[in-house]
Amino acid sequence: MTGETLGTLAARVGASVVGNPDRQIRDIRTLTEAGPEDLAVYHNRRYLSDARESRAGALLVKDPTPFPGRDLMVSGDPYLALAVLLEVFHPPRRPSPGVHPSAVLATSARLGVDVSVGPFVVMGENVIVGDRAVLGPGCVLGDGVCVGEETVLHPRVVIEAGCRVGARCILHAGVVVGSDGYGFATSGGIHCKIPQVGAVVIEDDVELGANVCVDRGSLGETRIGRGTKVDNLVQIAHNVRIGEHCLLVAQAGISGSTELGHHVVMAGQSGVVGHVRLGDRTVVTGKAGAVGDTEPGSMISGFPGRPHAEWLRAVGNLFKLEALRRRVSDLEKRLREMGE
Amino acid sequence: MTGETLGTLAARVGASVVGNPDRQIRDIRTLTEAGPEDLAVYHNRRYLSDARESRAGALLVKDPTPFPGRDLMVSGDPYLALAVLLEVFHPPRRPSPGVHPSAVLATSARLGVDVSVGPFVVMGENVIVGDRAVLGPGCVLGDGVCVGEETVLHPRVVIEAGCRVGARCILHAGVVVGSDGYGFATSGGIHCKIPQVGAVVIEDDVELGANVCVDRGSLGETRIGRGTKVDNLVQIAHNVRIGEHCLLVAQAGISGSTELGHHVVMAGQSGVVGHVRLGDRTVVTGKAGAVGDTEPGSMISGFPGRPHAEWLRAVGNLFKLEALRRRVSDLEKRLREMGE
Amino acid sequence: MTGETLGTLAARVGASVVGNPDRQIRDIRTLTEAGPEDLAVYHNRRYLSDARESRAGALLVKDPTPFPGRDLMVSGDPYLALAVLLEVFHPPRRPSPGVHPSAVLATSARLGVDVSVGPFVVMGENVIVGDRAVLGPGCVLGDGVCVGEETVLHPRVVIEAGCRVGARCILHAGVVVGSDGYGFATSGGIHCKIPQVGAVVIEDDVELGANVCVDRGSLGETRIGRGTKVDNLVQIAHNVRIGEHCLLVAQAGISGSTELGHHVVMAGQSGVVGHVRLGDRTVVTGKAGAVGDTEPGSMISGFPGRPHAEWLRAVGNLFKLEALRRRVSDLEKRLREMGE
Chain B
-18 MTGETLGTLA ARVGASVVGN PDRQIRDIRT LTEAGPEDLA VYHNRRYLSD ARESRAGALL
42 VKDPTPFPGR DLMVSGDPYL ALAVLLEVFH PPRRPSPGVH PSAVLATSAR LGVDVSVGPF
102 VVMGENVIVG DRAVLGPGCV LGDGVCVGEE TVLHPRVVIE AGCRVGARCI LHAGVVVGSD
162 GYGFATSGGI HCKIPQVGAV VIEDDVELGA NVCVDRGSLG ETRIGRGTKV DNLVQIAHNV
222 RIGEHCLLVA QAGISGSTEL GHHVVMAGQS GVVGHVRLGD RTVVTGKAGA VGDTEPGSMI
282 SGFPGRPHAE WLRAVGNLFK LEALRRRVSD LEKRLREMGE
Chain R
-18 MTGETLGTLA ARVGASVVGN PDRQIRDIRT LTEAGPEDLA VYHNRRYLSD ARESRAGALL
42 VKDPTPFPGR DLMVSGDPYL ALAVLLEVFH PPRRPSPGVH PSAVLATSAR LGVDVSVGPF
102 VVMGENVIVG DRAVLGPGCV LGDGVCVGEE TVLHPRVVIE AGCRVGARCI LHAGVVVGSD
162 GYGFATSGGI HCKIPQVGAV VIEDDVELGA NVCVDRGSLG ETRIGRGTKV DNLVQIAHNV
222 RIGEHCLLVA QAGISGSTEL GHHVVMAGQS GVVGHVRLGD RTVVTGKAGA VGDTEPGSMI
282 SGFPGRPHAE WLRAVGNLFK LEALRRRVSD LEKRLREMGE
Chain W
-18 MTGETLGTLA ARVGASVVGN PDRQIRDIRT LTEAGPEDLA VYHNRRYLSD ARESRAGALL
42 VKDPTPFPGR DLMVSGDPYL ALAVLLEVFH PPRRPSPGVH PSAVLATSAR LGVDVSVGPF
102 VVMGENVIVG DRAVLGPGCV LGDGVCVGEE TVLHPRVVIE AGCRVGARCI LHAGVVVGSD
162 GYGFATSGGI HCKIPQVGAV VIEDDVELGA NVCVDRGSLG ETRIGRGTKV DNLVQIAHNV
222 RIGEHCLLVA QAGISGSTEL GHHVVMAGQS GVVGHVRLGD RTVVTGKAGA VGDTEPGSMI
282 SGFPGRPHAE WLRAVGNLFK LEALRRRVSD LEKRLREMGE
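Chains as they are written, first to last, in the numbering used here: chain B, -18 to 321; chain R, -18 to 321; chain W, -18 to 321.
Think of the hints as simulated: they come from the structure by calculation, not from any bench. Glycine is no exception: its CB is placed at the ideal position from the N, C-alpha and C atoms. Watch out, some of these pointers could steer you wrong.
Label-pair ranges, simulated between beta-carbon atoms [what the hints assert, rightly or not]:
| hint | chain 1 | residue 1 | chain 2 | residue 2 | range |
| --- | --- | --- | --- | --- | --- |
| 1 | W | E291 | B | G16 | 43 to 49 Å |
| 2 | W | N25 | R | P78 | 45 to 51 Å |
| 3 | W | H256 | R | V69 | 52 to 58 Å |
| 4 | R | H256 | B | L293 | 32 to 38 Å |
| 5 | R | G273 | W | D311 | 31 to 37 Å |
| 6 | W | E291 | B | H81 | 57 to 63 Å |
| 7 | B | G57 | R | P76 | 53 to 59 Å |
Put together the whole structure using the sequences plus the hints.
Structure follows, in structure tokens:
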């Protein structure tokens, strides 16, 4: 990549140019790191002063007003434009196709065209891998696992027997798919394991962050819907069903048999109990714990989870309790005085 | 498995049959997925309508009353019966015994009979592995590690030097046993590492979920008692001592040198501070954080952890604060009027 | 190690001896496990009775007063002395230098002197490893990774392409450095991945616990400052900048683009939102969640995070609400009586 003009780049993402469209752009960098040959994006008001002071040759912005006299690429959705432009300057590097000689594959494994299998990969019987998929070093695929086309497994991903991963998924290092669900029948104080004989189905275009755990169904399946994106260290228990296009932020946890509609957001370190349903577009805010079904579009905060506005009011009142106590003391004193 | 009759299956678990004992059962499936040749279990009232509408050939239930006219297997503990019956239809598949040629074992390693060692396993000096144990692909056992008989290590489990795992344990993928405890002596603003020279002892019949971490003792040992079951992504710090038959649910965390009695339950995302003792049968509820010793049978909620009933009352009151404030305002107004 | 005298050991750490300096010490053990030939450390008042009853030949203490008649090593900082003395009795065991024949290294990899590369290690192109570094079994280093001298990677650490780890670092098993940050531009309900093209820089003397995740910068870098110590299962998001000598305890989480000053402490299961700055020496207490910038030296508790003293008062008041409600009811009753 030797650079393109601001105008050419803008055309790629349907953006307009303010200033000089012939300015050469050689990379995209952060507001503070960018120099005269770089484009930098401004999409969060916290960084307005950084943007104003940036040495970037051009800024990618939504609104040109705060930046008179600068070369600008103006887009209705700068963050989306950034996603496209980053691929121009940083095309994804896929390893060369082929199976590393150290990999251990059962003869029954069926690989699509241009699959890349890294060193020390292990595949059990009857594994199917789609075209152009990438299996990084040390990945382990149990018997009967299917991996869809163009899916990328980073190093050391484990997919246990019988689980299926769709197309164009990205599983980061250390992900475990298909570990046993946590199910025990307790009798006489002894926890007797319920065999976990279901599986995991991950639909297309899902991303799982580093060290995420997805348990297999006890009976039946655990399912993650198309387009859902999961951050690092998230726990997804057995028989959970997650709808399409959900966002599960780092360290969130979803208990067994709970169902999430589509476009549900679970913020960082949030949780939800088992056997409930979060309606479409529900948001469980940071550190909150949902304890029951929710209506579509709900926002749940605190623990036990309550509607966000109610929780905000309660927390606000909590920090005014000192004042309330003083008012009650005052009332008591005045009543005493009136009584005397 | 070509199927058994309902009566034969019931006899295996000491259950009785209502309806046709000669009905052929070919599998166990969920209430919603089961068909006429399947048995389905009903053990949670949330799913009563699913059970009533289920197409299952027979239901495994505790109480036959809600299901007149259906073929039933009636058991005092359906969930326990399920554990046994699932093994009938889904017998556990152990890999064939033998050491994969790619495994790297020190010559001092001693393996019992019928041990299975998968590809890319690494064992240090003086490792001992009991009869019929299974070491999945990519497991790493440091010097002096002992693994008991019939224990199963899923792929990529790491057991660091000197740690011992008992018999019939199950360690899921990505488990780390024996990482250094988190101990530093801070001097002049520099955190100086305290060498962690203890070990981890995991007793018999313990299960550790995916990506669980158990730190070695600083001095002396970290110990997990017999029959304790640990869910995914749980943190167990150095010198923790966990009693027998405890349940540690996903993402729980136990700080250093804390002791748990037997049958303690730590629910999802709960925690406990260091250097305390949770008495036998203590329950720390979801997201709670215990901050001191507890009596046997305690139930602790919230943070800082309080007795559950007290916490419930406090949370209830918190959400009634708005009303209380109005009552105080009203009193103030009436007093003002009386003063006038 | 066949033992040293109490006096010789004391001299190594600048401590003084009370009692017999010629007493032979053969190991350091815990207060409850130590015998007549062992030294045991007493540094936490919780364990005073254990110390008094200890069978240890000698005690390492700060204050000799509670232990008349015993052989003592008296140090201004017993815990720091312990760190030094443990290395005497338990010198760290490094594996022999050399590259295991099973390792897969690109020919462009450059290894320093006396590097140890374990079985099944994988290195991409242009990797640089400093002198005396140790790469445990199954580690994966992507293209262009640098690892500093004397750094130890425990088994199965993954460092993705372009990330740099300083000198004398310790990365425990299962650590992932350089996974993609969690960044998406949502358009028409579809989450479009923002390519994560930055890297991770880990400075010297950093320790990362088991299964820790550190995401690469979206643009620019994620950085962990010199001397910072990170416990197990911590999440560090993209573009986070952590200062020097911070302590991040188990299961803490730091959201994207947040900056920590030096000597910041995040206690267990705590969190902080994105795009804020925690001032130097800020402490976020257990389970708390900081939601804004903090002044140097702040202590933040609860969620949403508040100054610790304010939070303590609020929680105290919360548990006195029952009493306050009774006082208000009483006032209402008295006013009613006065009105009659």
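Verification of the hints:
Between W:E291 and B:G16 the beta carbons are some 45 Å apart, a value that agrees with the proposed interval 43 to 49 Å. Between W:N25 and R:P78 the C-beta distance comes to about 48 Å, which sits within the given range of 45 to 51 Å. Distance hint check for W:H256 and R:V69: the Cβ-Cβ separation is about 55 Å, which falls inside the suggested range of 52 to 58 Å. Checked against the hint of 32 to 38 Å, the pair R:H256 and B:L293 passes, with Cβ atoms roughly 36 Å apart.
A hinted range of 31 to 37 Å for the beta carbons of R:G273 and W:D311 is consistent with their spacing of about 33 Å. Between W:E291 and B:H81 the Cβ separation comes to about 58 Å, which falls inside the hinted range of 57 to 63 Å. For B:G57 paired with R:P76, a C-beta distance near 55 Å keeps the hint of 53 to 59 Å intact.
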